[in-house]
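Q: The residues making up each chain are set out below.
Number of protein chains: 2
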Amino acid sequence: MNARETPATASRITMIDIARHAGVSKSTVSLVLQASPLVKAETRDKVNAAIEALGYVYNRGAANLRGSRSNIVGMVINDLANPFFAELAVGIERVFHAAGYIPFIANTIENAKRQSEVLRSMSEHDIAGLIICPARGTRPADIEALAQLGVPTVLAMRRLAGPKFSSVTPDNLRGARRATEHLIALGHRRIAFFGGYSDMIAQNDRCGGYQAALSAAGITFDRALVIEGPPNRDCGLNAIGHVLDMAEPPTAALCFNDVVAFGVLSGLERRGLAAGRDFALVGFDDVAEARHTNPPLTTVHVDTGALGERAAHQVLRMIHGDTRPEEFVSDVDLVVRASCGATSRRQP
Amino acid sequence: MNARETPATASRITMIDIARHAGVSKSTVSLVLQASPLVKAETRDKVNAAIEALGYVYNRGAANLRGSRSNIVGMVINDLANPFFAELAVGIERVFHAAGYIPFIANTIENAKRQSEVLRSMSEHDIAGLIICPARGTRPADIEALAQLGVPTVLAMRRLAGPKFSSVTPDNLRGARRATEHLIALGHRRIAFFGGYSDMIAQNDRCGGYQAALSAAGITFDRALVIEGPPNRDCGLNAIGHVLDMAEPPTAALCFNDVVAFGVLSGLERRGLAAGRDFALVGFDDVAEARHTNPPLTTVHVDTGALGERAAHQVLRMIHGDTRPEEFVSDVDLVVRASCGATSRRQP
DNA sequence: CAGATTTTTTGGATCGTTCCATAAACAGAG
DNA sequence: CTCTGTTTATGGAACGATCCAAAAAATCTG
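In order, the protein sequence lines correspond to chains A and B. The first sequence begins at 1 in UniProt numbering and counts up by one. The second sequence begins at 1 in UniProt numbering and counts up by one.
Hints are not guaranteed to be accurate.
[Said to hold, decoys possible] Pairwise CB distance ranges, derived in the manner of DEER restraints:
1) S68/A x Q148/B: 19 to 29 Å
2) A49/B x R270/A: 47 to 57 Å
3) A62/A x S198/B: 40 to 50 Å
4) G137/A x G162/B: 45 to 55 Å
5) D331/B x D234/A: 25 to 35 Å
6) G55/A x G305/B: 49 to 59 Å
7) Y58/A x G321/B: 18 to 28 Å
8) A62/A x G241/B: 53 to 63 Å
Hints were generated in silico from the structure; no laboratory data involved. Glycine included, every Cβ here is placed at the ideal spot set by N, Cα and C.
Could you build all of it, start to finish, from the sequences and the hints given here?
A: Written out as structure tokens, the structure reads:
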């Protein structure tokens, strides 16, 4: 019942409206919005009051038309349901926020087609930078198109074959090797590798580290013990079921990541077996949950937050003009908990 | 060394360039981009070829200037690190993707100021709709501004006092009540409530259900047993430490959510105690990880994916013109696992 | 084949900003 | 006062799309 009521179909309030209301020109309003020192304090206040009074919303699209870039940065990840990526995102956000950028996250659920859509949408909106964990099946050209457009881009967690992009990854090979060596030291000879696909570089690196440890210990590599699959719970669940039905089942496994290992935990439980007692299990990533699984998961610790920060800093550096690509590999550590059986007694 | 090389400072390719290259007018190019049936197949192919050849990127900002809305929907969540929200996001994305919208996620880390920035940025980019889990301290006016702008908005997981917004929430009161009743049936009398702040409606509902169960059983409510705090791990960790040092410590606790319960698990472990044996613990949400904690967590199951889908459908409905607000409350279930001690013997 | 009809195509005004060149307002100096 | 020099403020032409009214091309009809 108020005299001052906004019609439902209110047409957009523009700078012109503000100008009229404040008794100045649109140019002046523009200046105020850019916090230019060219306008008198008194005028500035008048304009700000009008903005407040009319509930004006800046139209970034119109502004971008004249060349300026938006203050949003894209973050494209392949599996939001993996807590690992949430941790990565947190590090990234910390840095961008401090620098005045707003990160928008999109999930590709490991689907290259959806990834293209997301990337297209992001380019259409003129993002200032991009951090991407490429989905499986991403062709370097997909990403290069963005870079060509002048969008500073860094790959996180997953490198891409071919052209030199900036990237930020954990030391997958070394981590997997150490984890495998640990299982071998515990007396295991038949050790499986679960999860990931051989067309993913990260899987190659991790599986490569695993094989390197095997051969260094004189254990012949059995291809049948490498079970490929998506890096998620179900994959682990299925993989363990599969290998346990083999004529000569493995006694231990290294997983592509913790989430796969969580799936293995379910699979083991479903058969009435327990990790650490009946089967030695190790994961990769050391997500926050790994410490509290039943039993606690032995895994390769990755400093995820730091990795995210590093990626964000790299994008920032590129935004500021330094476009040299940089491949950053962060060190990793094996953290031994109960799932590998190291805490209990074990004899081959 | 190729003749066809793109200069680093390539100015943006526009529809005019495409038009010139294809020998048609810009209007025709526009028609083709909108998949209009008015253009002859032959012409369409010519234009598409030009688009392909020049690597054209649509400028959504320019288009929006003439009234059309973007195809992105915003999803503002308060804690990306809580796996619960990742599950929610997955449900939301499924629906939006099928409808041709691209969801962009932003994290507010429970910070109302950051939330405003995020919302401003989203309005500036003309989002088609919004699903938001309001950060603590959000004033209804913050959200109403968006709605006023004509952005279909639905609140997820957390309602807001005052004006009628559309919302989608689990039955917090009922869930908490059932969980508490279960603890009482197990013989507990001193039951604590951990996490959340009393200025959050969700906390009021859950804590209210807890109090209702208490009073129905004739147990007097002890305010000292309600430990407020952010809904994260640390809160659980601190809370359990705190109550265990009380003169008359509780023997059980209901947590605001699973993540808080995970923190309690750590705190218990740190003191050499175990949930289910020395202390009865129940969470809320039933995130995927709850099944595999040590011990497995008794918790209130929420059908998170379905809730997300519901929220997305509601936004879609509003986009299509039906703006009646709808408050949806989904049913919940207690799922009993080991952390409450129900599986082992227990006598008061 | 002219005229009527239908299918395709097109120029130009417009959306809400930015930014340049220019104008107005104000000060201080002679 | 006028003149010069600084501050401040302003019109108007972009930017890259959409969309209407109207033109052009193609097709039909008797």
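Q: Failing hints, ascending?
A: 6
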